[in-house]
Amino acid sequence: MIAADTPTAPITEPRSSFSDRPVTVQSTPDFQFLSAASEVTLIELKTTQTTTPIRRQPLRVPRLLTFQEWSRLGFILLQKWDGVVLEVDDESFTAKLIDSDERLPDHDATFLRAELPKEEQGLIEPGAPFVWTLGYRKIGSTRERASVLYFRRLPPWDEREIVAAEPRAEELRECIEWK
Amino acid sequence: MSGSELAERPHADEVEVSVFGPGYGECVVLHLTNNQWVVIDSCLDTGSARPTALKYLTSLAVDLATDVRLILATHYHDDHIAGIGELLEQCTAARFACSMALNSADWTKLTEIYRGYLVTGGSGVDEIRRVMRELKRRAEKREVVAPIFCIAGRTLGEPFLTAPAVLACLSPSDAAVVAMHTRIREKLLPRARRRRLAVPSLESNDGSVVLAIRVGSASALLGADLEERNRPGLGWQAVLDSHVAGAERCDGLKVPHHGSSTGYHADVWNRLIGSNGWAVVTPYNRQKQPIPTKTDCERIRRMTERSFITSPPGWSRFRHPSPAVQKTAEEATVKIGPEQPRYGHVRLRKSATTAGDWRIDCFGHATPLARLRIAA
Numbered sequence: 005m006i007a008a009d010t011p012t013a014p015i016t017e018p019r020s021s022f023s024d025r026p027v028t029v030q031s032t033p034d035f036q037f038l039s040a041a042s043e044v045t046l047i048e049l050k051t052t053q054t055t056t057p058i059r060r061q062p063l064r065v066p067r068l069l070t071f072q073e074w075s076r077l078g079f080i081l082l083q084k085w086d087g088v089v090l091e092v093d094d095e096s097f098t099a100k101l102i103d104s105d106e107r108l109p110d111h112d113a114t115f116l117r118a119e120l121p122k123e124e125q126g127l128i129e130p131g132a133p134f135v136w137t138l139g140y141r142k143i144g145s146t147r148e149r150a151s152v153l154y155f156r157r158l159p160p161w162d163e164r165e166i167v168a169a170e171p172r173a174e175e176l177r178e179c180i181e182w183k
Numbered sequence: 466m467s468g469s470e471l472a473e474r475p476h477a478d479e480v481e482v483s484v485f486g487p488g489y490g491e492c493v494v495l496h497l498t499n500n501q502w503v504v505i506d507s508c509l510d511t512g513s514a515r516p517t518a519l520k521y522l523t524s525l526a527v528d529l530a531t532d533v534r535l536i537l538a539t540h541y542h543d544d545h546i547a548g549i550g551e552l553l554e555q556c557t558a559a560r561f562a563c564s565m566a567l568n569s570a571d572w573t574k575l576t577e578i579y580r581g582y583l584v585t586g587g588s589g590v591d592e593i594r595r596v597m598r599e600l601k602r603r604a605e606k607r608e609v610v611a612p613i614f615c616i617a618g619r620t621l622g623e624p625f626l627t628a629p630a631v632l633a634c635l636s637p638s639d640a641a642v643v644a645m646h647t648r649i650r651e652k653l654l655p656r657a658r659r660r661r662l663a664v665p666s667l668e669s670n671d672g673s674v675v676l677a678i679r680v681g682s683a684s685a686l687l688g689a690d691l692e693e694r695n696r697p698g699l700g701w702q703a704v705l706d707s708h709v710a711g712a713e714r715c716d717g718l719k720v721p722h723h724g725s726s727t728g729y730h731a732d733v734w735n736r737l738i739g740s741n742g743w744a745v746v747t748p749y750n751r752q753k754q755p756i757p758t759k760t761d762c763e764r765i766r767r768m769t770e771r772s773f774i775t776s777p778p779g780w781s782r783f784r785h786p787s788p789a790v791q792k793t794a795e796e797a798t799v800k801i802g803p804e805q806p807r808y809g810h811v812r813l814r815k816s817a818t819t820a821g822d823w824r825i826d827c828f829g830h831a832t833p834l835a836r837l838r839i840a841a
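Same order as they appear, the protein sequences are chains A and B.
So the first sequence is residues 5 to 183, counted in the working numbering.
So the second sequence is residues 466 to 841, counted in the working numbering.
Certain hints may be false.
[Claimed, not checked] A short, non-exhaustive set of chain A residues, derived as facing chain B with CB atoms under 7 Å:
| hint | residue |
| --- | --- |
| 1 | 115 |
| 2 | 118 |
| 3 | 179 |
[Stated by the list, open to error] Below are the DSSO-like pairs computed for lysine-lysine, each with C-alpha atoms no more than 30 Å apart in a straight line:
| hint | chain 1 | residue 1 | chain 2 | residue 2 |
| --- | --- | --- | --- | --- |
| 4 | B | 753 | A | 122 |
| 5 | A | 142 | B | 606 |
| 6 | B | 652 | A | 183 |
| 7 | B | 800 | A | 183 |
| 8 | B | 606 | B | 652 |
| 9 | B | 520 | B | 601 |
| 10 | B | 792 | A | 122 |
| 11 | B | 652 | B | 520 |
| 12 | B | 800 | B | 753 |
| 13 | B | 652 | B | 792 |
| 14 | B | 759 | B | 800 |
| 15 | A | 122 | B | 601 |
| 16 | B | 792 | A | 142 |
| 17 | A | 183 | B | 759 |
| 18 | B | 800 | B | 652 |
| 19 | A | 142 | A | 122 |
| 20 | A | 122 | B | 800 |
| 21 | B | 792 | B | 753 |
[As the list claims (entries may be wrong)] Restraint-style ranges between C-beta atoms, simulated for each label pair:
| hint | chain 1 | residue 1 | chain 2 | residue 2 | range |
| --- | --- | --- | --- | --- | --- |
| 22 | B | 580 | A | 122 | 45 to 55 Å |
| 23 | B | 660 | A | 178 | 47 to 57 Å |
| 24 | A | 181 | B | 740 | 15 to 25 Å |
| 25 | B | 647 | A | 181 | 16 to 26 Å |
| 26 | B | 580 | A | 125 | 26 to 36 Å |
| 27 | A | 144 | B | 782 | 29 to 39 Å |
| 28 | A | 125 | B | 754 | 19 to 29 Å |
| 29 | B | 726 | A | 167 | 36 to 46 Å |
| 30 | A | 181 | B | 513 | 26 to 36 Å |
| 31 | B | 514 | A | 178 | 49 to 59 Å |
| 32 | A | 159 | B | 647 | 46 to 56 Å |
| 33 | B | 838 | A | 167 | 53 to 63 Å |
| 34 | B | 828 | A | 122 | 44 to 54 Å |
| 35 | A | 144 | B | 647 | 39 to 49 Å |
Think of the hints as simulated: they come from the structure by calculation, not from any bench.
No experiment lies behind these values; they were computed from the predicted model shown.
Every residue gets a Cβ at the ideal spot worked out from N, C-alpha and C, and that includes glycine.
Extracted from the complex, chain A is given alone in its bound form (with noise of 0.2 Å):
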């Protein structure tokens, strides 16, 4: 974890945003957490400290980075998971993980909550979408091993879409008989 007392050294910005709405990253002792009104929290659950740890300036981060794209941030990705909630209690939650480059097969993976932070608490029910990224995040001239999973904010249900779906539904229903 990086001490909240130690100096602090600016990260080179992105050259450009990858997103039209990117969302701000701010270093905390605890690691990263997005302000309060950003649609993408990310939060750091275990880490390796390898070198001197330098305290960061806040962080312009798109949502939905590619490999490249994190490379390019001062974060090395070396593997990136989409995951969805299966299963949740009161002390971990267990998730089914896709591959996001489509090279290793699903897997399935039990994290303890404890490792999130208490806002993000309410986000994790059966269903949820996150995104857990692993790889080395470059500080100066080192780098540190670093794990950080995010839930992703989608945009809610639209009514629009709801109501749209009942007359295909219906069509559906009386073509196949299924009643």
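Starting from the known structure of chain A, fit chain B onto it as the hints suggest.
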């Protein structure tokens, strides 16, 4: 164990119950004499990622286009219906059957709302959509497509099957169907301004289709994922309450809900299964505590020594090509592992015309429970 070969076809008068369970998923293939085949649920083959039933039936040289009569989805969870769409596409003469719990306008609406949805995993809605697509294709060719909706008391015989083969539905009960319709409407169907989630699996399996197979002197009870709910009209108690006292017991049991404690009801064994009956359980590994647990296995063994499991329960070891990812992922999780299916197949065969016993074969990772070693 009879030691017969995997690709050996059953005799015309033989009944076969083949249970596949690679650790995530379950499929039961039935031969109900005279070259009539039925597939209950579907899971994927370890290597090809195609439906296990397709691979097996092809290896037996079964004519998929004519000899598979019925494909039945006991419930919508994706561990029971993975690949069932492809199966239906290949088995062109097969009728599709599912639980009456899915016969609701809300269910078809749900499948339409989630059409092309970007978040996958956790449910079988995508697979059901593929089934519906195939039914629609058949409808356009003016074929009979109406699904056969299963509910307690319904019997599937003629015209779907030729006598003496009969599949009797013991569940879902009327109360379970109503309860499931309510849950689909209230818990699965998206509402405006609510959070967008992948379709979650409902926790209870009240809508599961439990089947009793009877063909001549052979019989078996397929427990699907039905659990005991300790509520009137639901779960196994509803099955037992509606079961006619003194009715013929079955020769064996496909153990419900992967052998879990919630799927257990002592009277199912005492009243519905004959003495010295056989039992086959499939594991479910995609949860924090895979089932059956050691305690579950011991309980099943106390009910019958002729008990088998299709593959050992438990997570496979995590191995990543990057040592850094390997180490970091292990540190960041309580546990992590690939959904590594382990091929396992328990096959039971018996003549429908004589009183002999069942011949039981284990293939792949399948084994008698007595030989299974699970850490507590």
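Please verify whether residue 792 of chain B and residue 753 of chain B have alpha carbons no more than 30 Å apart. holds, 20 Å
Holds or violated: residue 800 of chain B with residue 753 of chain B, Cα cutoff 30 Å? Distance of about 8 Å is within 30 Å: holds.
Restraint status (C-alpha distance of residue 753 of chain B to residue 122 of chain A at most 30 Å): The given pair, whose Cα atoms are some 22 Å apart, holds under the 30 Å limit.
Given the proposed pairing of residue 520 of chain B with residue 601 of chain B, does the C-alpha separation stay at or below 30 Å? Distance ~25 Å between residue 520 of chain B and residue 601 of chain B Cα, so the pair holds.
Assess, step by step, whether the Cα of residue 652 of chain B is no farther than 30 Å from the Cα of residue 183 of chain A, and give holds or violated. holds, 21 Å
Within 30 Å, alpha carbon to alpha carbon, are residue 652 of chain B and residue 520 of chain B? Violated, because 36 Å separates the two Cα atoms, which is more than 30 Å.
May I ask you to test the interface hint for residue 179 of chain A with respect to chain B, counting a Cβ-Cβ separation under 7 Å as satisfied? holds, 5 Å
If you draw a straight line from the CA of residue 800 of chain B to the CA of residue 652 of chain B, is it 30 Å or shorter? holds, 29 Å
Residue 125 of chain A paired with residue 754 of chain B, Cβ distance criterion 19 to 29 Å: holds, 22 Å
Straight-line alpha-carbon gap residue 800 of chain B to residue 183 of chain A, limit 30 Å: violated, 44 Å
For the pair supplied as a hint, residue 122 of chain A and residue 601 of chain B, confirm whether the alpha-carbon distance does not exceed 30 Å. Measuring from Cα to Cα gives roughly 47 Å; hence the hint is violated.
Kindly confirm whether 45 to 55 Å is satisfied by the beta carbon distance between residue 580 of chain B and residue 122 of chain A. Given about 36 Å between the Cβ atoms, the range is violated.
The structure is inconsistent with the numbered hints 2, 5, 7, 8, 11, 13, 15, 17, 22, 23, 24, 31, 32 and 35, although it conforms to all the rest.
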